[in-house]
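Asker: The residues making up each chain are set out below.
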Amino acid sequence: MNTNNTDNSILLEMKNVSIEGYSDEKWHPIINEVDLRLKRGEVLGLIGESGAGKSTLGLAAMGFVRSGCRFTGGSVLFKGKDLTKMNEREKQKLWGTKFSYVAQSAAAAFNPAHRLINQTIEASVSHGIGKQDQLQKDAIELYREMQLPNPEEIGDRYPHQVSGGQLQRTMTAMAMSSKPDLIIFDEPTTALDVTTQVNVLATIRNIVKEHNTAAIYITHDLAVVAQMADRIQVLRYGDTIEESETNNMLKTPKEDYTKSLWAVRSIKKKEKNAKDSILSIENVDASYGSGPKVLQNVSIDVPKGGTVAIVGESGSGKSTTARVITGLLPPQKGRILFEGKKLETNLDERSKENLRRIQMIYQSPDTSMNPRHTVRDIIGRPLEFYHNMKGSEYSKRVIELLNLIELDESFIDRLPSELSGGQKQRICIARALAAEPKLIICDEVTSALDQIVQEGILKLLLRLQSELNISYIFITHDIATVKAISDEVVVMHNGYVVEQGMKSEIFSPPHPDYTKLLLSSVPEMDPQWLTKILSSQKSKN
Amino acid sequence: MSKLENQYSAKDEVATVFIRRTFFQRALITLKKAPFTAWLGMTIVFIYIFVAVFAPLIAPYGEAQIFKVPYAPWDEIHVFGTDRLGRDILSRLIYGARNTMGIAILTTLLAFIIGGGLGLLAAILRGWIDQFLARFVDILMAIPSLIFALMLLSIFGSTAFNLIIIIAILDSTRVFRLSRAVGMNVAVMEYVEAARLRGEKIGWIMGREILPNILPPLVAEFGLRFCYVFLMIASLSFLGVGIQPPTADWGSMVRETGELIQYAQYDITAAMTPILPAAAIGILTIGVNFVVDWFLYLTSGLKDEHK
Numbered sequence: 001m002n003t004n005n006t007d008n009s010i011l012l013e014m015k016n017v018s019i020e021g022y023s024d025e026k027w028h029p030i031i032n033e034v035d036l037r038l039k040r041g042e043v044l045g046l047i048g049e050s051g052a053g054k055s056t057l058g059l060a061a062m063g064f065v066r067s068g069c070r071f072t073g074g075s076v077l078f079k080g081k082d083l084t085k086m087n088e089r090e091k092q093k094l095w096g097t098k099f100s101y102v103a104q105s106a107a108a109a110f111n112p113a114h115r116l117i118n119q120t121i122e123a124s125v126s127h128g129i130g131k132q133d134q135l136q137k138d139a140i141e142l143y144r145e146m147q148l149p150n151p152e153e154i155g156d157r158y159p160h161q162v163s164g165g166q167l168q169r170t171m172t173a174m175a176m177s178s179k180p181d182l183i184i185f186d187e188p189t190t191a192l193d194v195t196t197q198v199n200v201l202a203t204i205r206n207i208v209k210e211h212n213t214a215a216i217y218i219t220h221d222l223a224v225v226a227q228m229a230d231r232i233q234v235l236r237y238g239d240t241i242e243e244s245e246t247n248n249m250l251k252t253p254k255e256d257y258t259k260s261l262w263a264v265r266s267i268k269k270k271e272k273n274a275k276d277s278i279l280s281i282e283n284v285d286a287s288y289g290s291g292p293k294v295l296q297n298v299s300i301d302v303p304k305g306g307t308v309a310i311v312g313e314s315g316s317g318k319s320t321t322a323r324v325i326t327g328l329l330p331p332q333k334g335r336i337l338f339e340g341k342k343l344e345t346n347l348d349e350r351s352k353e354n355l356r357r358i359q360m361i362y363q364s365p366d367t368s369m370n371p372r373h374t375v376r377d378i379i380g381r382p383l384e385f386y387h388n389m390k391g392s393e394y395s396k397r398v399i400e401l402l403n404l405i406e407l408d409e410s411f412i413d414r415l416p417s418e419l420s421g422g423q424k425q426r427i428c429i430a431r432a433l434a435a436e437p438k439l440i441i442c443d444e445v446t447s448a449l450d451q452i453v454q455e456g457i458l459k460l461l462l463r464l465q466s467e468l469n470i471s472y473i474f475i476t477h478d479i480a481t482v483k484a485i486s487d488e489v490v491v492m493h494n495g496y497v498v499e500q501g502m503k504s505e506i507f508s509p510p511h512p513d514y515t516k517l518l519l520s521s522v523p524e525m526d527p528q529w530l531t532k533i534l535s536s537q538k539s540k541n
Numbered sequence: 542m543s544k545l546e547n548q549y550s551a552k553d554e555v556a557t558v559f560i561r562r563t564f565f566q567r568a569l570i571t572l573k574k575a576p577f578t579a580w581l582g583m584t585i586v587f588i589y590i591f592v593a594v595f596a597p598l599i600a601p602y603g604e605a606q607i608f609k610v611p612y613a614p615w616d617e618i619h620v621f622g623t624d625r626l627g628r629d630i631l632s633r634l635i636y637g638a639r640n641t642m643g644i645a646i647l648t649t650l651l652a653f654i655i656g657g658g659l660g661l662l663a664a665i666l667r668g669w670i671d672q673f674l675a676r677f678v679d680i681l682m683a684i685p686s687l688i689f690a691l692m693l694l695s696i697f698g699s700t701a702f703n704l705i706i707i708i709a710i711l712d713s714t715r716v717f718r719l720s721r722a723v724g725m726n727v728a729v730m731e732y733v734e735a736a737r738l739r740g741e742k743i744g745w746i747m748g749r750e751i752l753p754n755i756l757p758p759l760v761a762e763f764g765l766r767f768c769y770v771f772l773m774i775a776s777l778s779f780l781g782v783g784i785q786p787p788t789a790d791w792g793s794m795v796r797e798t799g800e801l802i803q804y805a806q807y808d809i810t811a812a813m814t815p816i817l818p819a820a821a822i823g824i825l826t827i828g829v830n831f832v833v834d835w836f837l838y839l840t841s842g843l844k845d846e847h848k
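These protein sequences, in sequence, are chains V and A.
First residue of the first sequence: 1, per this note's numbering; consecutive thereafter.
First residue of the second sequence: 542, per this note's numbering; consecutive thereafter.
Chain A with its partners taken away, still in its complex shape (with noise of 0.2 Å):
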């Protein structure tokens, strides 16, 4: 041991981490380690949006465009055929994601905004405050979230507009609970008491104090709630309180060619064409749960210990 090491200075004092990386980088090494289901998970979301984007270059025709024959079989002028209306339901299908994914987009956007806003301030203010929107919250998840939904959607008309914005208040008592139970346990860290002794207001601490530090549950959280979202308005278009015609979505398709699966004795390929937006709504489901399982695994530490 020489001499030069017994001599104390700060700058030498050996660090647990010590390899400095960039984001992409580690984005790098932690997509290196991805199992297989997250990649399934990953391919599968970015076909959606890939189709949603592009739709109009993919789809073989309008999205509204109605031809002569209704109910036209499979074949090479109309791959999956057409609807009672005689309208193709392949450009059906591809314009179907672009409608259902963006409004569930937008409206699980809404919710994580006004849920988890109001979550942080009752994490951080606590008092009347909390209790008061806490309590709130309680009576709106008390009611079945589809028939309240129903419900107003019917007395406020189902304009697009309206199913975002009732979805997205009815949803976001959820994100509501886990932003301000997650908060919680953040606001009382000492970092926080210091940047109040700093005299900083309360957007400072919630935006730069607490939601850095909560975002890996929320972000989790944001693809499960999507996955409710996008679920929950094929519901309601498929009671026929969702997104009007002519607009395709998934869920409307499957209430409008729902009747031909009792003609699978005579065609079998009529009768899955209402399979077919059921499985875009079920693969995209599963495709989302994948990534959220492996982003979940990430991020929340339970790893297997024994390597």
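Bound conformation, chain V alone (with noise of 0.2 Å):
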């Protein structure tokens, strides 16, 4: 299997690129003359925020750019010729032999009418590398690398029977194939939880240095990509800010905006111990439809004015837990007291001052605006809608909030889609604040942003707690965010809370098993942080 290139010499150069994307009836460069250089089997972490070119980068490394955008300028040298002069059939011949990419969503990208181990080894048949059999034979093999579960019979399977972190331990054995000298990961962990992550790092980091393939490997996370690369590049805004070794480049950061990507977190909250408390729910078991229950016995107690967070992996039941507090899914057994009374469990049956009082912002802020509506329409209809607000009045509370979330007067005509990422969550927060709740509950708030722009969000959130007196229930996967803003924790799994208390508690041994397991996958800074993790993990068994 080994390819025997264990050789030092340049792969892939790229000089100079420059790309361009057209929108707007314009062009507007996305790369700035930008040098990458990589050598056989070494792995090349990108990092940088979302709209910095890491992604446009990778996929112009193999020669390619998206529809809508054109090289502009550079050469990409593979192995001495140059990419961006080739016709299309020619370099169809390098894609799927020479070059892979595994892309960040497994589930997207599989075909689910097709059996994985057919996907699997489409690309190679379709080049010609071998025979259909023994392709199989490999491929099976390569499952065995990945150490997927029946490495022999899994590749009968079809996408949606396996689960998400094999599906993308199954498409890197889909890049492995054919045997490529550069494989391209665009960020192929971010959609999995901590837990499952640690794995298919490790699978990917063993598979690649065996095989002594290159990589790119694309992410925003700078916990991960230390554990990855030999060498990290920094981008920005389509420049190169900086580049070095990763050791270098984890001690001895140079430029400013470096530094800021790795400072720690510098948001700290001092835990506060409420005694009164503002919701709580008891003994709640709920399901859909007449499905499994999804909740079980859940109980948790929300602090006035102080903040609960909610963590646990997808499918730990957290989101169930906010839907049967907004009361869009009446639970089957239990209740639910809000300022000492009893809540109607079904929304439709709720006052409107009791819906006032519990406020909800979502993940993804691009769906839950309506498209159509200007920042005015989104942020006033609460005001009018419970405060019977018209008018000047309307007008002048309206700008008012736009203040108290950092944002100022002029966009307050703006449509959702002429706003960022950040600035669209925090309309969200005006929309909850317009309100005038007691209770927020916050689903993932941040973990569609950067991370500037969540230590934004998330120093925002706090001061409008600290300020207006109002509780959170923050629900979150990301241990960091929890630590940076919660008093008190619960952590939960399939459908059961494990362990609740205060944060200094939870965080500190003795931990129950699935919490220690927890807190173990996320990923430190620390190059040796994986190796230690999994020798860990294998000494225990």
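If you are wondering where the hints come from, they were derived from the structure by calculation, not from laboratory data.
Bear in mind the structure is a predicted one, so any value in this text is a computation, not a measurement.
Glycine residues also receive a C-beta, built at the ideal position from the N, C-alpha and C atoms.
Just so you know, not all the hints are guaranteed correct.
In the BS3-like style, the derived pairs of lysine-lysine whose C-alpha atoms are separated by at most 30 Å in a straight line are [stated by the list, open to error]:
1) V/Lys293 to V/Lys503
2) V/Lys390 to A/Lys574
3) V/Lys26 to A/Lys742
4) V/Lys341 to A/Lys742
5) A/Lys742 to V/Lys352
6) A/Lys574 to V/Lys26
A short list of chain V residues far from chain A (calculated; beta carbon distances all over 12 Å) [as the list claims (entries may be wrong)]:
7) Lys15
8) Lys251
9) Phe385
DEER-style ranges, computed between Cβ atoms [unchecked claim]:
10) A/Phe673 to V/Asn118: 56 to 64 Å
11) V/Gly289 to A/Phe689: 34 to 42 Å
12) V/Gly315 to A/Leu572: 34 to 42 Å
13) A/Asp679 to V/Thr72: 35 to 43 Å
Please assemble the complex out of the two chains, which come individually in their own frames, going by the hints.
Answerer: Here it is, written out as structure tokens:
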């Protein structure tokens, strides 16, 4: 299996590459004269915020640009040949044989109507790299290396019959099938839970090393890239900010921007121990339709003016808990108390006053704001609806709210599509504040945002809490966020509450097994972290 | 890179679209890029509307004015001759635009109010209301609409009012299906959930949250349905149960002058007479379709990727 290319010659060299994209009747620069070099068997980490040009540059390494984009300068030399000067047919011969690409969402990249093994070897078969039988045997061997369960049989399954982590590993096997010289990983673990991510990272790292394949690893997660890459290149607005060996980069970053990325979250909240609880749910069971129970005997207390963080993996029942509290999903058993009074379990039975007091902010501001409403309508509707505000009072209050979330009057007539991700989420916060609620449920509000923007949003939420004495329920899978803003923490797993208590109690041992696993799976900046974790897991087994 | 750039501020985040234009400016840009067929379609539609609105000023004679000579040949007095009662064909064609198009527009509007309203209601409420409405629509659609309309018109009598109501109800089934399908995609969005959590009534959710987001496909469908309604009225009139004489209407004009076509060997212009109202129907249908095609192209997002 091993391609005997152990030499350290340069595999890929991109010089002064510039790429432009077409939008709004104009060509805009996406990448400005960026250089990139890659030796055989080397892993390069590309990091930066969204819009930094990471993915565009990654694809350009294959000589490919997305539709609506074009190369405007520079050269991409692969083994000495310039990809930008090749025609489509010549490039197609290289794609799928010498280059492979692993996309962020494996679920979207697999065809649901074909078996995994056929898709794994599809590119190799169509490029005539080998015989079908041999390729299938190789694929099974790759599955084994990827530590997939039942490597002999898993290939006969369909994409929906395996888990997300397994699918992502199958996709890596697919990329390895043609024994490429270069694999581009575009955020391969971003969509996975932390506990799954550890294993996928480990298998990717091993297989790349064993086959001496070069790789470009694109991510916005610094801790992940620290585990994977030999060298790191930081991008921002299409420019290279800094580039050096992983260890040097982590220890002594030169540029201010890199330092700001490296800085551990500066937000810290002093734990507050409140006695009164504003909301408590008691012994709640819930399920969708007649399906299995999604929540089992869940009890949670939310202190007045405090923040409860609910953590857990996807499928643990975090968001279902929010749906029960808001009344979208009436529970089968148990009750909800708000300020000591029983709250109707069904949304339709709740009074306007009760609806006003609990507001919700969603994960994705793109889908939680009506794309046809302006900022004025979005923030103003709760004012009109709950507080009967009209005319100048209404406009004045909308502007007040915009100032409160650190935006100004100039945003009032914009549509959601004319705002950045962070601004959109701020408008959603303003919409919740407009109702003057006692409790806001934040469902993964920062997980779709870049690090720096996240920090801004969290700071805003903390400031609002201290000014307006609002309570938060903060649903998240991100442990760093929990550490930053919570007073109390609830750990959920498979519909049960595993542990509940003050932040300091939860984050200090002893832990129940699941909490321990969850906490240990969060990647750390230390490049040796993954190695340590794996050896500690092995020693236990 | 200066220090200032590194200081984070929510106001300075760059959003994707930064050029603000008024509705009029945007419309102008879109029109500039319109293809030839769209222009042709728009020209046709505007001419028809103009003729329909100013019919009494344009037409040389009255709608039901009878002259002495029936079947008069094409000449200076009667440009397209007269029909079997001695009525001027050109004047009736011009008034026909008014009657046929007017009734067609009213019918289509009514069909959209009924079908669109119920479709959105079904999309939001789901459950048994959705099932009941959808099955009822299935039953209506199972019967060929022309035959169904014929039957109902002969039961209730062919007045213009009955014509509008019956065709509107039969046609609303298609609108129901479309608005229910596109409405359901929007009804599951989080902003609709947010509106429900706010305690909004169903009217607001239908009109303010969902409707603006499904308008493009509905407008395109409006153009197409208008054509079908218009053709159906013409067919019904041709069959004698549509718009009743002496009101001028293109469908019944084809029927009334149809026999002239057999005199082609003696007078080619006389034989052309029944072709004229038929062509009026055909050209409008094509014109509206050109405009709708272009509109669908603009809103579907299925644009040519390689510019």
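Asker: Hints numbered earlier in the text: which of these fail when held up against the supplied structure?
Answerer: 2, 3, 9, 10, 12, 13
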